[in-house]
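2 protein chains.
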Amino acid sequence: MSQSLDNALQFAQKHASRFVDQLGEFVSIPSVSTTPERFGDVRRAGEWVADQLRGLGMKNIQFFPPDTHPIIYAEYLEAGPDAPTALLYGHYDVQPAEPLDKWHSDPFSPTIRGENMIGRGASDMKGQVAATLFAVESVLKSGGKLPINLKFMIEGEEEIGSPHLKDFIAEHRDLIASDFCINTDTGMLSPTQPTIVYALRGLAYFELHVHGPKQDLHSGIYGGTVHNPAQALAELIAGMHDANGTVTLPGFYDKVRTLDPEERAELARLPLEGDTLIARTGVPQLWGEAEFTPTERLGARPTLEINGMYSGFIGTGAKTVLPAYAMAKISCRLVPDQNAADIKGQLEAYLKAHAPATIRWELLEHVHGNPSISDRNSRWVQAMMQAQETAWGVRPIFRREGGSVPVVTDLQTLAGMESINIGVGLPDDNQHGPDEKLHLPSFHKLIESLVRFFYILDK
Amino acid sequence: MSQSLDNALQFAQKHASRFVDQLGEFVSIPSVSTTPERFGDVRRAGEWVADQLRGLGMKNIQFFPPDTHPIIYAEYLEAGPDAPTALLYGHYDVQPAEPLDKWHSDPFSPTIRGENMIGRGASDMKGQVAATLFAVESVLKSGGKLPINLKFMIEGEEEIGSPHLKDFIAEHRDLIASDFCINTDTGMLSPTQPTIVYALRGLAYFELHVHGPKQDLHSGIYGGTVHNPAQALAELIAGMHDANGTVTLPGFYDKVRTLDPEERAELARLPLEGDTLIARTGVPQLWGEAEFTPTERLGARPTLEINGMYSGFIGTGAKTVLPAYAMAKISCRLVPDQNAADIKGQLEAYLKAHAPATIRWELLEHVHGNPSISDRNSRWVQAMMQAQETAWGVRPIFRREGGSVPVVTDLQTLAGMESINIGVGLPDDNQHGPDEKLHLPSFHKLIESLVRFFYILDK
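Top to bottom, those sequences are chains A and B.
Read the first sequence against my numbering and you will find it ends at 459, with the numbers running on by one and no gaps.
Read the second sequence against my numbering and you will find it ends at 459, with the numbers running on by one and no gaps.
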């Protein structure tokens with residue numbers, strides 16, 4: 001057994017540079033799921049994944065609707081009914097690359113710079129999907145046998161809120177049934193600090209439209225008598241936080257779990273400091289609820305963010321227009337036990353209370369997903385801790401993460417399955433931003449730790 | 001003389017439909033001065049004007065820099081040194097037509113719908129420039145002689161703030177020297193109410209940039225610790241007015257002339273009511289300083305408007321980004337005796353006092369022009385009143401207008417010349433907006449009233 005493990009690890013080392021090349025191939029497919037123009041590319045990225053699975057000898061490969069962004073299922077059940085079964089989750093779609101002029105290389109021509117691969121989706125999360133495939137390959141192609149059963153569930157709609165995944169999980173509960181899920185769509189604290197995420201924030205995403213005059217007006221001819229929709233929107237947005245950075249939507253914090261002293265002490269051990277955040281983001285000063293640490297605000301506190309804002313003339317130069325309307329994309333990150341469904345009502349209540357009679361407003365709902373929190377003492381989590389500690393030489397840290405992985409909640413709620421969240425995204429990877437990067441040594445460590453994990457479960 | 005007047009008026013009637021066709025030719029040239037892509041078209045519109053002037057036998061036709069949007073000068077001095085001289089001002093450039101999807105016909109394929117011509121620039125102000133030319137033509141081509149001397153000063157940069165006109169006026173004071181200026185870049189109250197504008201608001205236009213993180217961030221990974229620039233901008237904008245709609249910039253109202261009871265009584269005679277404004281604009285309710293009437297707010301009170309606003313992701317769908325920056329186009333309409341130069345200082349003082357330490361800001365200045373106010377009892381104004389009263393059968397009304405015509409201020413300041421502002425733009429002409437229109441009966445009345453004006457001065 002130790003020989004099989006060694007063989008697999010040696011295989012991974014020997015093929016490390018080919019793994020990077022193959023990942024580059026994957027990243028070069030512009031599988032942006034947010035725009036219909038990229039439907040064909042999203043599909044191509046799915047085919048790439050399916051080809052890899054086929055090459056590894058995975059069985060029962062199926063594409064589930066929608067056709068444009070299929071959910072890909074595959075399985076390997078040769079470890080037998082007495083061995084544990086893991087569901088491997090991932091997504092092959094990526095965020096839009098805009099604004100393109102902020103990139104220093106083509107987002108879909110992956111480039112190696114130092115220890116990093118630069119390209120849209122390299123870190124979120126094609127690198128991790130590929131690492132999972134290469135870990136399996138290292139075992140199977142080095143003469144070994146997988147000591148556990150595997151099921152793959154790789155989707156193409158994560159960046160648009162996984163609109164079909166929830167139904168898929170509910171309808172195919174038996175097909176995907178596993179002892180636990182390995183989810184690599186999360187992050188590490190630093191390249192030297194393996195991290196197991198035990199709580200994730202949920203997301204509720206909206207679009208607020210403020211309508212004023214029936215069409216754009218001349219600001220000189222009408223200015224002073226008509227409430228400017230951009231100004232009215234700004235007034236509404238400004239009122240959504242108080243001076244402390246606390247969200248003012250009525251009832252917003254009612255279901256937020258109070259942090260107990262023990263958990264606050266544990267979170268305080270995380271090496272994330274204000275100065276680090278300032279250096280990473282480049283802001284002149286941090287912001288947010290003064291009574292919580294930055295770590296607590298990122299993981300254990302809900303937020304309300306403006307993701308986009310538009311009104312009137314935004315081209316070069318000066319156009320003296322009084323705009324007909326203004327729009328903001330507004331999203332909340334949620335923590336246990338908040339519920340995405342409640343948030344829309346709270347936002348509507350706020351708008352009913354504060355929107356003036358001089359404008360009309362309209363609230364649209366985009367994606368939403370609930371927050372989740374998991375048990376840190378399961379057999380699977382303990383095995384993963386051991387695998388990571390050996391691979392990195394450092395005991396992993398437990399963390400609440402600020403991002404949202406709705407599939408973790410859905411697997412728990414609909415299929416009774418707990419997730420181990422062990423992605424290797426780094427805080428400075430620029431996920432969703434320009435110059436997204438993947439730290440390649442971390443990518444290789446992920447392969448190694450998964451190989452080790454498989455063999456630990458075999459004991 | 002009466003025979004010459006009759007001949008000229010008959011000529012204008014006989015050629016009315018050809019005048020409309022020729023105007024259509026002028027409007028079809030997309031002379032958008034705000035974008036370099038249209039430099040050639042702006043130039044073409046200037047050539048169109050010069051060709052007309054040449055056809056009328058105007059002399060000393062000259063193009064002044066810049067080459068892209070030349071100021072066109074021409075003169076007719078045959079009335080002799082004892083006759084009065086009028087400077088005819090106009091501009092042949094137009095606003096951008098965007099958003100194109102809001103137009104019901106191509107903005108540069110002028111279309112007649114009922115009594116109106118639809119097209120970008122038809123009302124602002126190609127219709128009026130053409131009417132001026134056709135009035136001169138009606139006199140000269142019907143066998144008459146112009147009883148006054150004329151000088152033309154037609155520019156192509158009005159919609160970008162006339163960056164070269166001020167210097168031109170200062171440098172060519174002798175060339176353009178006239179007894180008064182006729183400016184048709186203003187509006188009428190209604191098609192049946194000729195209007196002489198005696199005061200115009202000034203303009204000071206800025207762009208405010210709020211910078212947060214050095215690049216777009218993932219709103220889940222950083223949200224709660226970084227001040228969202230869109231939110232920070234909204235907070236700054238929201239603070240620029242109080243709940244009454246009063247601008248809060250320090251010192252903003254210090255130089256605003258108090259309206260005396262006599263002028264308030266005169267302005268109260270204007271048939272502009274709240275219900276009319278609501279019907280025209282389609283807003284659910286008017287807005288603005290409660291202690292002033294809508295008419296007073298439009299003409300005699302300064303404003304601060306948001307002309308455009310941008311941050312983050314504004315495409316279709318949901319992108320969970322925490323934007324790196326946010327931008328607003330902000331402009332103030334100024335009234336006597338405010339000064340555009342003061343406003344930048346006031347805005348900077350406001351930002352210094354209210355911008356938080358969690359963001360960086362930057363203020364750019366675009367165009368600016370001072371407000372103006374004129375004597376209502378000059379010989380030229382009285383003659384124009386008489387001409388309009390005969391043409392429309394209604395005594396003209398005096399008005400303070402909300403828009404800005406910096407050239408009026410510049411001619412007064414730099415060349416000691418007063419302007420008579422008699423444009424026929426209507427409040428529902430959608431100037432600067434989609435479906436801009438020109439009311440053709442008003443266009444013909446403008447031709448008639450100018451012809452009458454020329455002969456009244458001859459008495």
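The hints are simulated quantities; they were obtained by calculation from the structure and are not laboratory data.
We put the CB at the ideal spot given by N, CA and C, even for glycine.
Incorrect hints may appear among the rest.
One side of the interface only, derived from the structure: several residues of chain B facing chain A at Cβ under 10 Å [what the hints assert, rightly or not]:
no.	residue
1	L286
2	N339
3	A341
4	Q386
5	E389
6	T390
7	G393
8	G402
9	G403
Against the structure, the hints:
no., hint, verdict
1, L286, "holds (5 Å)"
2, N339, "violated (17 Å)"
3, A341, "violated (17 Å)"
4, Q386, "violated (27 Å)"
5, E389, "violated (25 Å)"
6, T390, "violated (27 Å)"
7, G393, "violated (26 Å)"
8, G402, "holds (5 Å)"
9, G403, "holds (3 Å)"
Hint compliance for this structure: hints 2, 3, 4, 5, 6 and 7 are broken, all remaining hints hold.
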